[in-house]
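Given chain A, work out where chain B should sit, using these hints.
Protein chains: 2
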Amino acid sequence: MVTRGSYELFYWPSIQGRGEFVRLALEAAGAPYVDVARLPAEQGGGVKVLTALLAETSGGGPFFAPPLLRQGTVTLSQTGAILQYLGPRLGLCPEDEASRVKANHLQLTVSDFLVEVHDAHHPIASSLYYDDQKPEASRRADLFVTNRIPKYLGYFERVLESNAAAGGRHAVGAALSYVDLSFFQLMSGVGYAFPRALARMTGKLPLLVALHESVAAVPAVAAYLASPRRIPFNEHGIFRHYPELDP
Amino acid sequence: MVTRGSYELFYWPSIQGRGEFVRLALEAAGAPYVDVARLPAEQGGGVKVLTALLAETSGGGPFFAPPLLRQGTVTLSQTGAILQYLGPRLGLCPEDEASRVKANHLQLTVSDFLVEVHDAHHPIASSLYYDDQKPEASRRADLFVTNRIPKYLGYFERVLESNAAAGGRHAVGAALSYVDLSFFQLMSGVGYAFPRALARMTGKLPLLVALHESVAAVPAVAAYLASPRRIPFNEHGIFRHYPELDP
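Heads up: the sequence lines are chains A and B, in that order.
For what it's worth, the numbering used here labels the leading residue of the first sequence as 1, then goes sequentially.
For what it's worth, the numbering used here labels the leading residue of the second sequence as 1, then goes sequentially.
Worth flagging that the hints you see were computed from the coordinates, not collected in a lab.
It should be emphasised that the depicted structure is a prediction, and the values quoted were computed from it without experimental measurement.
Treat the hints with caution; some may be incorrect.
For identical chains, the list gives no copy identity; a pair is met inside one copy or between any two copies.
Said to hold, decoys possible - Below 35 Å or equal to it, Euclidean Cα-Cα: the simulated DSBU-like pairs (lysine-lysine) are:
hint, residue 1, residue 2
1, Lys151, Lys48
2, Lys134, Lys151
3, Lys204, Lys48
4, Lys204, Lys151
5, Lys134, Lys48
Looking at chain A on its own, in the form it has when it is part of the complex:
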């Protein structure tokens, strides 16, 4: 874990979740940061530090939910807002307004997709266990796999196709951006949670498949993915592998 730095990330310490999109940006850029809730309490870490910051009103809060990012006196919440803030600062988004606007709407659409991924296994309520909503999850996941995954991933494929300046290799501009990292994470997550469904559609998603491989090969990303800082996918996060939901 990086122990000192100008950025402090506050997110649940045991899942990738939405925080992973921020972790990937910080890691890909080699930015110094602290993943605060993963530090021991003796070092100023732990979940209580996170939940206390949610109620903080001095830096733009109170906040509804993590992830939170703090830099100096500025605290941000909402994954899309955090990445929009970090993008130009980390060299992960072109600085012109048209590119920033485009990256932002793409990232917010990634966020929309994530809600649907989560609700495929929790269609009734986050406050209930999966076991308490299995029939509903089965019904929702069936339509999610059939209609929604192809709709979202097909859209992101078209985004890559349409970015001719980058030869289809990047979502925004001609170089790696936080949107590419987010597309990588979506492909990783769908591949973990719905491997059979993804295998059936990869033939139609050549640019996303290639992007997933090229991002994983970026040295800083590869180093991160191989490190203990990368929390493995598990059945407490957004992407969960329940085989019965991926027939």
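Chain B alone, transformed into the frame defined by chain A:
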């Protein structure tokens, strides 16, 4: 309907939906705009113009879903991104970065709440009718009304409380912002869809109740709400009044 102007809004013509948050900002600011899909086809309007623009790649697209806002060569999608862009331009957000960041995370939390409002009546799929998912909707709405509405509205109430500079009368800064307009719309919508639930909790939401009244009394907003440009709430939008979901 305003027929000429520098802003063009593209949204479903028969519902308030997410487009309403953009309409309210344009109307409150007295900005000239065209609500394109509501114009007749002979005047360049209609839904087909909207759906064609979704596929457009020259101005930042393709786009996943409306609302879309076009100004000159820039096209934006995603409600939060559109409002972030419009805010300072319409005088509906302070220009300093801290205020813009705060307004943005609040608006993205409004967007998260809207997804949950929608899914209270459509927990299985948007592609199915409500009648085809009534048992699931009943189960989800029960928990939504009990847990989620109080959690979100309680949070927005705390946001107002914590903005001491505005005496609790505004969400960001000391004047009307697009976040205030969005809080107004949420209170209107919850009051339409879940009147009994809202009545039970208004005693704990004095600042939101007062904000709802004060925004409705802003002359430009009052004129808009009384005009045919304000589409009435109905059972095709996000906020739907199904009495069985509001026992």
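Honestly, which of those hints from before does the structure not fit?
No hint contradicted; all consistent.
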